[in-house]
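Participant: Model the full structure from these sequences, guided by the hints.
Protein chains in written order, with the numbering used here: chain A, 22 to 167; chain B, 6 to 201.
Where hints are given, some of them may not hold.
Said to hold, decoys possible - Only part of the chain A face toward chain B is listed, based on derived beta-carbon distances under 8 Å:
| id | residue |
| --- | --- |
| 1 | L153 |
| 2 | W154 |
| 3 | G156 |
It is worth saying that the hints were derived from the structure and are not from the lab. Don't be surprised by glycine CBs; every beta carbon is placed ideally from N, CA and C.
Below, each chain spelled out in residue letters.
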Amino acid sequence: MTIALNGEEVAEKIRGAFPGPVVAADKAAVIVTNQSLYQVAEFLKNTAGFDFDYLTDLTAVDYLDYFEVVYHLTSLKHNHSLVLKTRCYERGKPVVSSVVNLWRAADFQEREVYDLMGITFEGHPNLKRLLLWEGFVGHPLRRDYL
Amino acid sequence: MEIERYEVISSDEIDAAEALRINSLKEASQQAIPDPDRWLEEELRRNVLLTTVDYAVDWARSRSIFPLMFGLACCAFEMIGSAASRFDISRFGMDIFRWSPRQADLMIVAGTLTWKMAPAVKLVYEQMAEPKWVIAMGACAISGGTFRESYSVVPGINHIIPVDVYVPGCPPRPEGLLYGITKIHKKIGKESIKTS
Chain A
22 MTIALNGEEV
32 AEKIRGAFPG
42 PVVAADKAAV
52 IVTNQSLYQV
62 AEFLKNTAGF
72 DFDYLTDLTA
82 VDYLDYFEVV
92 YHLTSLKHNH
102 SLVLKTRCYE
112 RGKPVVSSVV
122 NLWRAADFQE
132 REVYDLMGIT
142 FEGHPNLKRL
152 LLWEGFVGHP
162 LRRDYL
Chain B
6 MEIERYEVIS
16 SDEIDAAEAL
26 RINSLKEASQ
36 QAIPDPDRWL
46 EEELRRNVLL
56 TTVDYAVDWA
66 RSRSIFPLMF
76 GLACCAFEMI
86 GSAASRFDIS
96 RFGMDIFRWS
106 PRQADLMIVA
116 GTLTWKMAPA
126 VKLVYEQMAE
136 PKWVIAMGAC
146 AISGGTFRES
156 YSVVPGINHI
166 IPVDVYVPGC
176 PPRPEGLLYG
186 ITKIHKKIGK
196 ESIKTS
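Facilitator: What follows is the structure, encoded as structure tokens:
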């Protein structure tokens, strides 16, 4: 079975590589800053020992105060997994950098999050609505929709 | 004393009159009346039956409906179930579910219709050849069901295409769908070639 890595230990290694990005960490997940997300994702993918070569899931949660984008990473090489999170506090125009360059699986997932939650992914090659149609007003999975 | 046995025929007027009528009818009915179709050849007579054009057309149409498979959600499984051997939709001459709208007469819209799917439904309906009928199967197709207030769901397929029969249920059992199909049969039976 896939082993879920301890978020605190992973956070320590990220802090060792570059100080700053980690906001918080517990056993379940690592939360990093919005700006450093791509950097951390690249680090987790390319560092020997982590080798997170597979993006299982990418989703977002609306906590009213902030949006949280959640990345479920898996390493097929080492058979372990990690939950990586980042937060956007700007409700008007939440922006996260895209990870399509690292994992192609993020393409549709980021489009879906953009479609339903209204989070812009900077650097995405084709950021259009996925499930709803062009011209739909609003982002229906936001808590304040309707 | 010798009894005269054959004196029983009385002179009673009623009986006498009846006897006269019977005898005269019997006299007049020695030859059989020819059948109205006697002018037909013997071979032909055994193979022709007379009816109205409407009845024949409606009978043929209602017993050879080809349904269009249009499964949008969970109702589709009940539709598939009604086509399988247990409920056996073939009993109504609906042997084959058609994937091409050009070969279908009946559109069974089974499931939730979203606005993104709605143009496709309208297009497929318009591609079907006349005459055509539509069954709205399940709560979602009838009115949007649970998702009626949703941002993405059409509140009833009658917003998009005209519906002949509504089959309620969530999802309706195959018996319900078959009942709806018999309603379609009855509806077809009322049609006339003069109006359709």
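Participant: Was the hint right that A/G156 lines chain B, CB cutoff 8 Å?
Facilitator: 11 Å, violated
Participant: Under 8 Å, Cβ to Cβ, is where A/W154 needs to be relative to chain B, so tell me if that hint holds or is violated.
Facilitator: Status holds, d = 6 Å.
Participant: Please verify that hint: A/L153, Cβ, nearest Cβ of chain B, below 8 Å or not.
Facilitator: 7 Å, holds
In terms of the numbered hints stated before, the structure departs from hint 3 and from no other.
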